[in-house]
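2 protein chains.
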Amino acid sequence: MSDFESVVERVRERVDPTPEERRALTEATARLADRARDAIADLPVEADVLQVGSTARGTWVAGDRDIDLFVRFPAALPREQLEEYGLTVGNDVLPEGREEYAEHPYVKGEFEGYDVDLVPCYRLDDATEIQSAVDRTPFHNAYLEARLDDDLAADVRLFKQFLKGVGAYGSDLRTQGFAGYLAELLVVEYGGFRETLEAIRDWQPPVVLDPEDHAEASFDDPLVVVDPTDPERNVAAVVSETNVARAIHHARAFLDNPDESVFDPRAPDPLDAAGVRDHLDRRATTPLAVVFDAPDLVEDQLYPQLYRSRDGLARGLDEYGFDVLRAATWADDRAVLFAELEVAERPAVERHSGPPVHVSGHAEGFYEKYDGDDSVYGPFVEDGRYVVERERDVQTAREFAENRLLEVALGAHVESRIEAGNYEVLVGAEVSALADEFGEELARYFDPTP
Amino acid sequence: MSDFESVVERVRERVDPTPEERRALTEATARLADRARDAIADLPVEADVLQVGSTARGTWVAGDRDIDLFVRFPAALPREQLEEYGLTVGNDVLPEGREEYAEHPYVKGEFEGYDVDLVPCYRLDDATEIQSAVDRTPFHNAYLEARLDDDLAADVRLFKQFLKGVGAYGSDLRTQGFAGYLAELLVVEYGGFRETLEAIRDWQPPVVLDPEDHAEASFDDPLVVVDPTDPERNVAAVVSETNVARAIHHARAFLDNPDESVFDPRAPDPLDAAGVRDHLDRRATTPLAVVFDAPDLVEDQLYPQLYRSRDGLARGLDEYGFDVLRAATWADDRAVLFAELEVAERPAVERHSGPPVHVSGHAEGFYEKYDGDDSVYGPFVEDGRYVVERERDVQTAREFAENRLLEVALGAHVESRIEAGNYEVLVGAEVSALADEFGEELARYFDPTP
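So the sequence lines, in the order shown, correspond to chains C and G.
In this text, residue positions in the first sequence follow the UniProt record's numbering: the first is 1, and each later residue adds one.
In this text, residue positions in the second sequence follow the UniProt record's numbering: the first is 1, and each later residue adds one.
The set of hints was computed from the structure by calculation and includes no laboratory data.
A hint or two may mislead.
According to the in silico footprint, chain G covers these stretches of chain C (three or more CB under 8 Å from chain G) [to be verified]:
hint: 1; region: 202-211
hint: 2; region: 258-267
hint: 3; region: 321-328
hint: 4; region: 417-431
Glycine is no exception: its CB is placed at the ideal position from the N, C-alpha and C atoms.
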């Protein structure tokens with residue numbers, strides 16, 4: 001048996017659910033479905049119950065405990081009624097559950113130790129008629145169920161665990177990785193786990209896959225997988241360039257040298273304050289952190305705002321001459337925008353080039369503005385242009401973070417925090433205080449891997 | 001009388017030679033020419049004597065004491081003979097003089113308080129037949145003499161003094177300014193001093209003048225004045241972009257607001273060491289100076305080497321991340337390459353971006369080179385590429401100047417000094433020690449004007 005096969009065999013033992021796990025899940029699902037049908041019987045409308053998701057298709061990784069049940073109502077039912085009836089069924093089935101809102105309301109709750117989503121949707125003949133994203137799910141389910149046999153389902157489990165291990169699993173906006181549905185489509189399309197890794201190894205982004213050969217749009221994404229149930233949708237739209245590259249890297253590395261550890265998500269020991277200071281001493285950089293109470297938002301709203309804010313901070317620092325080596329953002333109770341600087345201080349003067357001397361109106365205006373101004377050096381002439389050396393607005397990165405942060409694009413809720421002055425700026429060794437709350441994030445930051 | 005006219009009147013009184021000065025010069029020139037003709041009589045070849053230059057044409061500025069006499073030999077005389085006979089005549093006329101070498105040898109000496117150049121050349125029918133640059137001079141002389149009347153000659157004197165005042169007079173390679181011949185051509189072409197300033201005010205570089213409308217080449221210079229005696233030569237080739245801009249600036253400023261002081265070359269009080277430190281404190285920059293014994297070269301060889309070296313130093317510092325605000329070079333007994341830095345220190349690490357992860361051969365090579373290397377952070381993946389943070393070669397500007405200066409293009413004699421280690425690097429307040437030798441240069445540097 002090759003290295004590849006023996007590693008994969010060992011991983012299969014971890015990711016394949018045992019017969020007991022399967023049976024328990026099947027039984028719990030049946031009980032839930034019965035309850036749902038009982039609740040539907042009390043409604044003045046027909047509806048059926050459909051199990052979807054990885055547990056419906058046998059593609060869940062051992063230990064995952066998610067059950068997704070969809071309640072399908074007639075397409076003619078007004079949306080308001082659908083929402084009302086959907087919540088009624090949900091609350092009947094999961095009396096301890098809570099209502100959640102994606103595109104429309106559903107109920108989430110626990111049942112016999114499983115995390116259950118009970119979601120109302122429309123029963124449609126064709127995916128092109130969908131009214132909201134959840135209406136698409138039954139079509140996805142049907143498409144995959146028709147194509148997944150037991151072997152492919154097992155390979156889906158391997159591939160999902162592989163993506164989890166490398167940190168690229170999940171279409172949430174924090175991870176920007178591969179959705180479960182996308183992982184399944186790829187394994188179906190390429191024909192197995194190994195085949196999927198071999199194909200990914202050879203990806204040359206932008207990569208375009210169109211299983212049904214029916215694309216009706218063009219996409220500007222590094223990875224495009226046209227939804228077999230919707231010719232206008234890229235299933236991989238959320239996957240970042242970095243995660244595409246990460247998948248290529250790990251596919252290549254694993255095929256070259258199969259190593260079981262790639263299936264284990266990294267969990268580095270947290271750095272303590274002294275550990276952070278050691279890295280800073282070795283690197284001789286100046287870190288800067290903007291710290292504030294994390295806005296009370298779901299992750300899919302929070303992280304895009306943090307990413308936008310991190311990029312804004314880094315761009316602003318760069319523009320003022322505080323060269324950024326690397327930037328990051330983390331959130332827990334507090335949120336941090338972090339930028340590690342090569343240059344944290346600039347002189348009191350900056351060069352300001354004016355127009356070419358021969359551009360008469362503009363050039364005279366520039367010269368007259370500064371001539372006789374004791375606060376500047378010059379104007380003088382260099383390479384055909386007027387030049388002055390004038391006082392620099394912002395001499396330190398700390399000043400920028402304390403006084404100019406609103407000049408850059410920030411996430412809306414982050415901007416409110418900054419506007420209100422509800423934030424703290426840490427510079428240099430001060431950032432080591434973050435280790436208490438962000439020790440693991442700092443450990444990852446100072447030991448970056450693909 | 002307008003402001004312009006009254007200022008010009010006062011300047012005329014300073015720059016117009018008195019009748020006594022004219023007469024004395026005429027008489028001295030006649031005596032020199034007689035001596036030269038006597039010396040020629042002893043030679044086995046015919047030759048005549050021609051006075052050229054500003055004193056021949058009445059365009060010299062009062063107090064200038066240069067007499068240029070050319071001895072013209074038949075075109076058929078072999079070059080070696082011309083050089084030998086030329087030196088013979090020169091040494092006869094100026095027994096205390098010394099031999100100098102431009103394109104060919106001539107004799108330079110003092111006579112009755114005048115600085116005399118006695119230069120052998122060929123007598124030619126046409127300027128296109130010239131064998132060396134000096135053969136062109138008699139043609140220049142004839143061209144201007146035919147066009148200069150007393151009024152224009154007086155306006156040439158004004159314009160020359162104007163150029164001297166703004167620091168743009170002289171075609172030497174230190175100044176890279178306007179030659180006397182060029183100044184005269186411009187005044188002839190535009191028709192007077194005021195007309196010349198008005199024309200220059202409106203210059204839009206590149207400016208092309210072709211008085212004889214006979215150009216046979218195209219020139220890539222900010223100012224092109226096609227030599228009336230040579231269709232392939234730009235008389236203004238040496239004029240720097242900065243000096244063109246400087247002329248435009250001062251023409252505009254003087255026409256707007258005639259101020260006699262523009263005719264006076266600046267002579268700022270030298271800065272002392274404390275004065276240098278005051279500027280550095282105010283500017284909060286880090287100056288760096290490379291100091292060595294000035295190579296023993298004529299200025300036309302020395303300054304191009306110094307300029308090239310200054311530019312090389314500045315480019316090298318910039319490339320290593322030590323951002324240069326302004327650079328300069330000065331020479332006296334010692335020579336200085338000076339760069340004022342915004343950033344004099346960088347971290348111990350630098351970002352090193354590798355290839356996109358999907359470029360298989362190249363990317364694997366990069367990854368394998370750094371994977372497991374404890375001296376780097378990473379490799380990790382960012383925006384689709386491998387990245388490492390590796391040790392930076394050069395962390396301080398001083399290190400660059402002390403160890404890496406030979407990586408950049410330097411003038412040949414400067415390079416020898418650096419190769420031999422015969423130089424000193426001053427950083428920060430240390431440069432204030434330069435004030436003893438370069439106080440005036442430092443005063444100009446810290447009070448730059450157009």
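Verification of the hints:
Counting residues of the region 202-211 of chain C whose beta carbon lies closer than 8 Å to any beta carbon of chain G gives 4, which reaches the threshold of three, so the coverage claim holds. Remark: the region 258-267 of chain C is not confirmed as covered by chain G, as 0 of its residues place a Cβ nearer than 8 Å to a Cβ of that chain, below the required three. With 4 residues bearing a CB less than 8 Å from a CB of chain G, the region 321-328 of chain C meets the requirement of three and the coverage assertion stands. Requiring three or more residues with a Cβ within less than 8 Å of a Cβ of chain G, the coverage given for the region 417-431 of chain C is violated, as only 0 such residues are present.
Taken one by one, the earlier hints fail for this structure at numbers 2, 4, listed in ascending order.
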